[in-house]
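Please construct the entire structure, taking both the sequences and the accompanying hints into account.
Residue numbers (my numbering), protein chains in the order written: chain A, 1404 to 1950; chain E, -15 to 333.
Okay, the calculated bits of chain E under chain A, using three or more residues with CB under 8 Å as the criterion:
1) 42 to 53
2) 61 to 68
3) 77 to 88
4) 124 to 130
Because the hints were derived from the structure by calculation, they are not lab data.
All values reported here derive from a predicted model rather than from experimental measurement.
Where a beta carbon is used, it is the ideal one built from N, C-alpha and C, also for glycine.
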Amino acid sequence: MGRRDALRSGAPYLIAAVFVLLTVPPVLTVLGAGALERGASAWLEEARRVLAQTGTWRSVRFSVIQAVVSAALSIAIALPGAYFLSHIRFAGRRLVQSVSLLPFVLPSLIVILAIISFYGRSGVLNQLLGTRFAFVYSAGGIILAHVLFNISIALRMISAAWMQVDQRLREVSLSLGEGNLRRVLRLHLPLLLPAILNAATVIFLYCFVSFGVVLVFGGVRFATLEVRIYQAMFMNLNLSAAGALALLQLAVCGVAVFAAHRLAARRLAVATRGRRFVMRSGREISWITTVICYSYWVALGVFLFTPLASIALRAFHRNGRWSTAAFRSLIAGSIGDRDIHQIIRADFFELVTTSLAIAGLCAAVTTAAGFIAARAVRGRKVPWLDTLTMAPLAISGVTFSLGLRLLWFGIIPGPVLIIVAQGVMAFPLVFRILRTAMEGVPLRYTETAKSLGAGTLFRVRTLEIPVLWRSILNAYAFGFALSLADFTAVLTIGRGAIVTFPIAMYRLIGFQSFDVALALGVWYIIVVAAAFVAIDLTSHAREKEGL
Amino acid sequence: MIRAEEIHRQFDDFTISLSLAVADGELLTLLGASGSGKTTTLRILAGFEQPDRGAITVDGLDVTHVAAQHRRMGYVFQDYTLFPHLNVAENVAYGLRVQRVPAPERRRRVHELLELVGLAGFAGRAVQTLSGGEQQRVALARALAVEPRALLLDEPFSAVDTERREELRRYLVRVQRGLGIPTVFVTHSRSEALALSDRIIVLRDGRIEDQGSPERLYEHPHTEYCARFLGHANILTREQLAAVPGKAFSEDTEEAPDARETVSAEAGADLQAGATAFMIRPEYLTTAGADAGLSATVSYVAYSGAHRDYEFETPIGTLYLRSAERHELGARTTLRFPRHKLVPLPPKQ
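In structure tokens form, the structure reads like this:
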């Protein structure tokens, strides 16, 4: 075996080692902190006590049930959309694709604000209907928020898989006289099942470790494991209990990740089959399909975006009149007798530059790491590595961030730790985007460039980056948005010293400045939406060229 | 000259083990069925795959452990693999950019190469707007731009339509002869191999089955596999041949082909050594009048324009015949065997 072969075959292990070194010590630190503090036997005693509590198992049950229901609902709602996105070239398809991602990259605080201001007891919906329904502060609110967050994941993952289904299979089925419904049931669903289950697993993990939404909507009655960890850690100051609960949470997530690992292997088997996909344009589809397609998107748009629009509606409303005062106050620093900059503990310029600098750096580092890792395992099936890199989805953000702080605070500057924490959390998505894109570029391009004498750096610069630039931009945008939206790591590691958008919103809400929080939310949505739409639309032209 | 000496590469369920040499200006074809190892052999020569052992030399220089990007072997893939983000001229200039050739010189070379492959006016075109044949010519120009020490072509015409294929073959032969560099051409098409090559290596299961000039391989294959792979062949055992009446063998009077003397000598030796089977190509069988040869009945006819392909049922089994003559299905006739066209085959390994 040559040196290059050895390097190549060792690459997945090297990536895994770096990944494990980054993720495992912080988690172990939190798990073991209690034992270090009070001794192993006391820790075990505490763990036994926590595991014997009925409340713990009620939380496990609730965590699992809400995550399963959220995943099932997200997928059920997304399935028709995934079909339309993968089969029909309808007008506005690109816009739908990019805009539907928006809720996923918004801070949980904005989605929470949106749901309260639309579905809340005195929300827009109740005002329109003249009723006073209240279901937000319950399991219903939690599931609603989770579905709102995760529909876009289901849409993306399932439509991408649907596009991989060989069109000729459909044509064979047509030639055998199979009807539409039977074809969907007997051909498409079995082929798509691995992708559906894969999406379900990812959504399950997101919902299972979701924090902000459950904390706000669940209260004490509907606590998930994540909330119980938080309560044990910060309210009861019981590190042992927190460690035991985190261990339990990891175990449940481990089972889910194992299931995902098994499914990922099957998913590859479907995706690598021969394909010849032809998307039908508007003229080739019946009017009834067109009507159903557009009705679906209108309905989904209403479901996803009216709550967000209600944020804007309320942000522009002050004392019963239209006003831009809340927006102006962000820059001016005060509204009425409230000193906004003092509440936020930063001026607007500082808030924007800190947020953008952290997010920009985090996205750059994560994208570069994702690119290097995807390149190292290019052309190889390493399902175990794909599963391992999904692990951060299953790690509690609170646990991980706290572990990083306990381990490194004082040695490594806070902003760097925040970037590491956010980067690790964003890595699964960034890596997936880049890995999928890189696998889509035939290895023959690289080999041709090699035969022309191009070395590694030259190939990266003149071939790989230009051909993959859309996916790189996409990965960067996701890294950027996830970092910008992060609340947990900044709060846990920064401890108030570092102010980003979600922290500012959190403080504004805490000081009863809903209107300014909403205005900040509107700015946030506009900036992120504009970035995503711009990326998707500019890359559209390149896609047409066959890239 | 490229030389691969006793290269060996083990895969899970497949092994490549062979030696080969290609002289300057020679066009060597690796011919074989799918999975015979021809593309892998080419990839080993290019440096995309490493052999487990053995050596590869180019002009006497050992390049076995030299990375692909330092070997200067022009490689052309079957599906062109033009870089989609670059136009025609930029594609051709890619290797020149690697070599840091100054821009004016680069432009001049690209212009020359595009002229050479008949695409002079195409420099600024997006590669997606070209036909398959045009794309393959750009790929060829790109491979030639770096003045490679050898040209490696992996089924370069298989994605091109039949009409363009002829034209591309002519281009390739003209360009290759002009440059005088060793060229290895991989194909599974026997007609392409026969038409283009100076020499053919027939690969089977990662090993060389037979090698020689196209004519030698077609007319006088050394193995039954090779006989069948290069075209339709009637393979007759010694017993079958013994059952053919003596009157069915004709003595040939036409001028013998170049290879014949040597082969006749070989054939004699092999016959003495006890060859177990003999081959005769369908076009060498002839029909004759009643009682003039082996009795036969037409059981299948396929019209192919210049000739017809027949299957005859005879007392010794089914025989194939290719002829411009017309026989109706079910017609009875007799077949004759020109004695010197019977090629002895060694016992099966």
